[in-house]
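In order, the protein sequences belong to chains A, B, C and D.
First residue of the first sequence? That's 1 in the numbering used here, and the numbers climb one at a time after it.
First residue of the second sequence? That's 1 in the numbering used here, and the numbers climb one at a time after it.
First residue of the third sequence? That's 1 in the numbering used here, and the numbers climb one at a time after it.
First residue of the fourth sequence? That's 1 in the numbering used here, and the numbers climb one at a time after it.
It should be emphasised that the hints constitute simulated quantities derived from the structure, not laboratory data.
Note that the Cβ used here is the ideal one computed from N, Cα and C, for glycine as well.
It is possible that part of the hints are untrue.
[Stated by the list, open to error] List of simulated lysine to aspartate or glutamate pairs, EDC-like, C-alpha gap at most 16 Å:
id: 1; chain 1: C; residue 1: 304; chain 2: D; residue 2: 50
id: 2; chain 1: A; residue 1: 304; chain 2: B; residue 2: 16
id: 3; chain 1: C; residue 1: 6; chain 2: D; residue 2: 303
id: 4; chain 1: C; residue 1: 12; chain 2: D; residue 2: 330
id: 5; chain 1: A; residue 1: 89; chain 2: A; residue 2: 303
id: 6; chain 1: B; residue 1: 324; chain 2: D; residue 2: 330
id: 7; chain 1: B; residue 1: 13; chain 2: A; residue 2: 303
id: 8; chain 1: C; residue 1: 304; chain 2: D; residue 2: 303
id: 9; chain 1: A; residue 1: 12; chain 2: B; residue 2: 303
id: 10; chain 1: C; residue 1: 327; chain 2: A; residue 2: 330
id: 11; chain 1: B; residue 1: 27; chain 2: B; residue 2: 16
id: 12; chain 1: C; residue 1: 63; chain 2: B; residue 2: 175
id: 13; chain 1: B; residue 1: 304; chain 2: A; residue 2: 108
id: 14; chain 1: A; residue 1: 304; chain 2: B; residue 2: 57
id: 15; chain 1: D; residue 1: 304; chain 2: C; residue 2: 16
id: 16; chain 1: B; residue 1: 327; chain 2: D; residue 2: 330
id: 17; chain 1: D; residue 1: 304; chain 2: C; residue 2: 57
id: 18; chain 1: B; residue 1: 304; chain 2: A; residue 2: 19
id: 19; chain 1: B; residue 1: 63; chain 2: C; residue 2: 60
id: 20; chain 1: A; residue 1: 304; chain 2: B; residue 2: 50
id: 21; chain 1: A; residue 1: 304; chain 2: A; residue 2: 108
id: 22; chain 1: D; residue 1: 18; chain 2: C; residue 2: 303
id: 23; chain 1: D; residue 1: 6; chain 2: C; residue 2: 303
id: 24; chain 1: C; residue 1: 144; chain 2: C; residue 2: 175
id: 25; chain 1: D; residue 1: 327; chain 2: B; residue 2: 330
id: 26; chain 1: C; residue 1: 304; chain 2: D; residue 2: 16
id: 27; chain 1: D; residue 1: 304; chain 2: C; residue 2: 19
id: 28; chain 1: B; residue 1: 304; chain 2: A; residue 2: 57
id: 29; chain 1: C; residue 1: 304; chain 2: D; residue 2: 19
id: 30; chain 1: B; residue 1: 260; chain 2: C; residue 2: 60
id: 31; chain 1: B; residue 1: 304; chain 2: A; residue 2: 51
id: 32; chain 1: A; residue 1: 6; chain 2: B; residue 2: 303
id: 33; chain 1: A; residue 1: 13; chain 2: B; residue 2: 16
id: 34; chain 1: D; residue 1: 260; chain 2: A; residue 2: 60
id: 35; chain 1: A; residue 1: 260; chain 2: D; residue 2: 60
id: 36; chain 1: C; residue 1: 13; chain 2: D; residue 2: 303
id: 37; chain 1: D; residue 1: 27; chain 2: D; residue 2: 11
[To be verified] Sample of chain B residues with no beta-carbon within 12 Å of chain C, all distances over it, derived:
id: 38; residue: 58
id: 39; residue: 92
id: 40; residue: 111
There are 4 protein chains.
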Amino acid sequence: MIIVLKKNADEKKVEELKESFLEKGLKLHISQGMNTLLIGLIGDTTELDEEQIGAMEVVESVKRIREPYKKANKSMHPQDTIVDVCGRKIGSGNFQVIAGPCSVETKEQMIEVAQDVQASGAGLLRGGAFKPRTSPYSFQGLGKNGLELLLEAKKATGLPIVTEIMSPSHLELFEEVDVIQIGTRNMQNFELLKEVGTVNKPVLLKRGMANTLDELLMSAEYIMAGGNENVILCERGIRTFETSMRNTLDISAIPMLKSKTHLPVIIDPSHAAGIRFMVEPLTMAAIAAGADGVMIEVHNNPEKALCDGKQSLTPEMFDDVMKKVKKTTEFFGKVM
Amino acid sequence: MIIVLKKNADEKKVEELKESFLEKGLKLHISQGMNTLLIGLIGDTTELDEEQIGAMEVVESVKRIREPYKKANKSMHPQDTIVDVCGRKIGSGNFQVIAGPCSVETKEQMIEVAQDVQASGAGLLRGGAFKPRTSPYSFQGLGKNGLELLLEAKKATGLPIVTEIMSPSHLELFEEVDVIQIGTRNMQNFELLKEVGTVNKPVLLKRGMANTLDELLMSAEYIMAGGNENVILCERGIRTFETSMRNTLDISAIPMLKSKTHLPVIIDPSHAAGIRFMVEPLTMAAIAAGADGVMIEVHNNPEKALCDGKQSLTPEMFDDVMKKVKKTTEFFGKVM
Amino acid sequence: MIIVLKKNADEKKVEELKESFLEKGLKLHISQGMNTLLIGLIGDTTELDEEQIGAMEVVESVKRIREPYKKANKSMHPQDTIVDVCGRKIGSGNFQVIAGPCSVETKEQMIEVAQDVQASGAGLLRGGAFKPRTSPYSFQGLGKNGLELLLEAKKATGLPIVTEIMSPSHLELFEEVDVIQIGTRNMQNFELLKEVGTVNKPVLLKRGMANTLDELLMSAEYIMAGGNENVILCERGIRTFETSMRNTLDISAIPMLKSKTHLPVIIDPSHAAGIRFMVEPLTMAAIAAGADGVMIEVHNNPEKALCDGKQSLTPEMFDDVMKKVKKTTEFFGKVM
Amino acid sequence: MIIVLKKNADEKKVEELKESFLEKGLKLHISQGMNTLLIGLIGDTTELDEEQIGAMEVVESVKRIREPYKKANKSMHPQDTIVDVCGRKIGSGNFQVIAGPCSVETKEQMIEVAQDVQASGAGLLRGGAFKPRTSPYSFQGLGKNGLELLLEAKKATGLPIVTEIMSPSHLELFEEVDVIQIGTRNMQNFELLKEVGTVNKPVLLKRGMANTLDELLMSAEYIMAGGNENVILCERGIRTFETSMRNTLDISAIPMLKSKTHLPVIIDPSHAAGIRFMVEPLTMAAIAAGADGVMIEVHNNPEKALCDGKQSLTPEMFDDVMKKVKKTTEFFGKVM
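In isolation and in its complexed conformation, chain A is listed as follows (with noise of 0.2 Å):
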């Protein structure tokens, strides 16, 4: 970390100044110019607060050399790591594709979608049993009787299942669940992180709509600091000014996040697009920078869908889909 203080400073707390880094175990490396003097600190800095120390009267400005996460970081781990669920693994080359409803609605549609997406060849099933909707008068999800249609169609099927969590109360439901999805609008829910941070269960974290990727990072920071370091990240297209689709997907997530962090990446061509018709070339894009899997909804009717229908692939378009996956991956060198 780089202090450059104000011209003029005052020197007495510029002592003090100094004597606080020195007392939190920092070694300083002092530089005076004609006009500015710099204090370069030396040691772990994660623990300090940029802004804390910009707000003081002495200082003109502040600049972090390493990043504030630890256990996330590449340059502390330098080995990608790889998520096993019930054997399926994400990263460092392995390549998985988890597919399912926006929503869990019946025990039909699950156990049918769940054994046409398996067909097809996706490894984990996703649907949502808490959904989280921006209006009070949309369909919220059905809740517990939800979880519980989910475990039936991994009894059906054997795929391990993905699906969001929207409160720490709720983690105990979430027992037989194997991976707990962190929704876009949670991803800053910290007291939500903290609490699955706590259970030794995958966590499929979702980047906020508007938050940078170190943000995303000091999230997936909070679990990990837990002492949950199975944590899979997901770049599901983040909010700007463009109107002709629902979010724009950052596809440089890709290859940045990989260059800071040991941790899978994932892809939700879904979410990030909004519309069908962009599933399929967004997740040639994302094999192609480099993701380890992608999340594509999939639904056996997609206009009766109860939310997010328009985006929804049905189980020919995903078979179709797969088959072009499967090529790409085996193309670019991962493992299905």
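Let chain A serve as the given structure and place chains B, C and D on it in line with the hints.
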């Protein structure tokens, strides 16, 4: 709601669609053009899901004519709401200043700041006990103890207190809190919104940093649909490409929200700018644009503040700002 | 176009409005609801101004059904356009790589880089002679001399050249240039668009960094309306809140543009990311998503590049990327 | 400027880098840390290119301490600039209202509107002769004839005129224009900026809809570097994700720009909001936040306006707003 059907849409499916609307008690107005068929829906369309309709095979596009919120809607409730907090009125010509530190730190700090801001004319006291922080390694607030210190400051001064809730399970701890704040990162934490909808206590709802005004109103609707109609909306800066300040204050949100809803609208200039010197001009702008209040960070020792010191005013600076606030609200015909 | 009239709109004014549409040769379809009157306009509404209609006292809102561009519109021209540059084909299955330095610096540099990128398989040579720079104190390009050096490089290699125009008055200098580039900051420099619409030479039109895809197509329409239908669209990253890379590549622009227009679409991964290591994965993603080409910065000495060295590949790195480009375009069924 | 070198950077290359700075007349301050070497540059770094330095192999990152603009910089010119337009003063406590139609349509319209806005107290007359329109099929302005109508309106009223230039080659037509406007889409049309830098006439420079404040100041610097220091900055709304209004007015731009530059700053509430009813509250906010003027669209028949009628005030509405502007500027200590 107007539904534009696709050219050559399957007639049977169109008939089914029409039936489904009639079953919901809506009336239809059909307009057959040369290429397109339009269906206008008449009645209460609040609970219809635009996306679900848009997903249907025969549908080209959907356009809502009326907003999907009811209780927050000005057209259903033309008179502006006044939220009353222990006798302090907010809304419909009544202006309040909420002031205090970003986070509660010590008893001395809280009582000192509370007395200072009261002396300068603040009507409510703010302070964070549970703090949402980007990094798990930053100060997370004093929690329950922080709430107790706030209550002691209330006892010492009589100022009602405003503080943030971060988890539904904390609600019982907030029994003596006067205004419950929902922070920007939790604006779409729907479980939390539902929970605060069940109590009979004013809620200060901050706009998410990348949420539209309609989404803010839908989140207010969540609280109101639960039975709690005492919602105060707060614009606190949105995320844009501009990097010279922390966020971009959306001053236009004030007149736009006031055209859409009867709820009071306040501004948080401290978090919007993130820089001390901008608090005063943004406060003046907020009053001039018609806000019903402002929320200002004040710390007795900003350099040692455990969070957000860069934007906190000292009590002396706050006193200066308050002198101008009093004159300016009077000039614009507001009652403080 | 559908026009929703206000409740209780003045009947005389409504009649005048209807008349005005009839006079323009449009047919009307009227739908009277309980509260609202809808007017559907049938015919060529391209030249109608939504905002002007929306401003009328009797009008509640206006919705366009068909896009306001004609010549660029896929529905009017379903077959994909192939732009031919000296025999190099772009579009409809034909893929091209445009490579070269950000700015033209010396004769030796240009010829060396041109020979290098040709040897690696690039089809066109890029290089900036007139450079748009944020600061008036940064290197502004060699101007006319730069164009001459480009032509010498073309002579030495046979590679057609692509270079940016910054002012309508420079057009005559571009007579021997093969593809005229309109840069991101000039996407809505309408006088410049009109000017390049008058020549019979391919135009590479870069998307403005905060322009929607529909605005990009309207700018293409400016050029095409002037008679020049050889337009190549280029997505080069948009401006968002993310700070870890220079811009956010909107990979979804490829399938979305291809659904709207018959014009070829290429990607500039170098400017999108602004960082060398991301050029390869973004290039792969572009091919996978269906792009018709990429534009890559290559410099024989990136550290001494007079602009944008941070994102330039060395000829060796470019050669590596090209080996993958050849295999990947073949895998995805494109002809290079 | 502070340069952070990479760990284990090649020593010879570091020496070459240091040499290159010394050759430019800069002094170096070196700080050797445990892992990192810092170089602080002392002297005029305005002409150094951060990106070029950042691209060097041995460089980890670069941080500018001082802004890269000189003539526009407040620290070099602490006294606020007053731009004088035919005796109307803008800046340093002097407030002006610029009013008139979006586009010049007929002689009658211009003279009528000019007389109306003058009677209400406007100090300058605006009107577009050359119009930047998204669609080539929209009304493009009357061009040269429009300029003549503006001059007739000036003759009739004495109001100085403000109008937009769209091409460097039009400059000679603007000889009798009092203030040349650079529109939002041309803020980084550097050839145009250079051209208006050569004349001795006030320039009203609008912020690009996705440009940072530092980029706006760099564009002002282009004009000033050419010798024309009469630049008026104009904030007119930026592009964000919010869809309920046309643009998001960045009110914070006023205090932030005033901390960075001595140039006057005005606001265009009409284009920011794009909706009539928001013009008054945004104008009040602009005055309260410290603006030096506002620019308001007024049309004698907004429903028939050939562009942007939705946001134009009628002369009666404008008269109402002006009554409040007079009282409010007086309250805030500005001279009109």
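Hints violated by the structure (numbers, ascending): 4, 5, 8, 12, 13, 33 and 37
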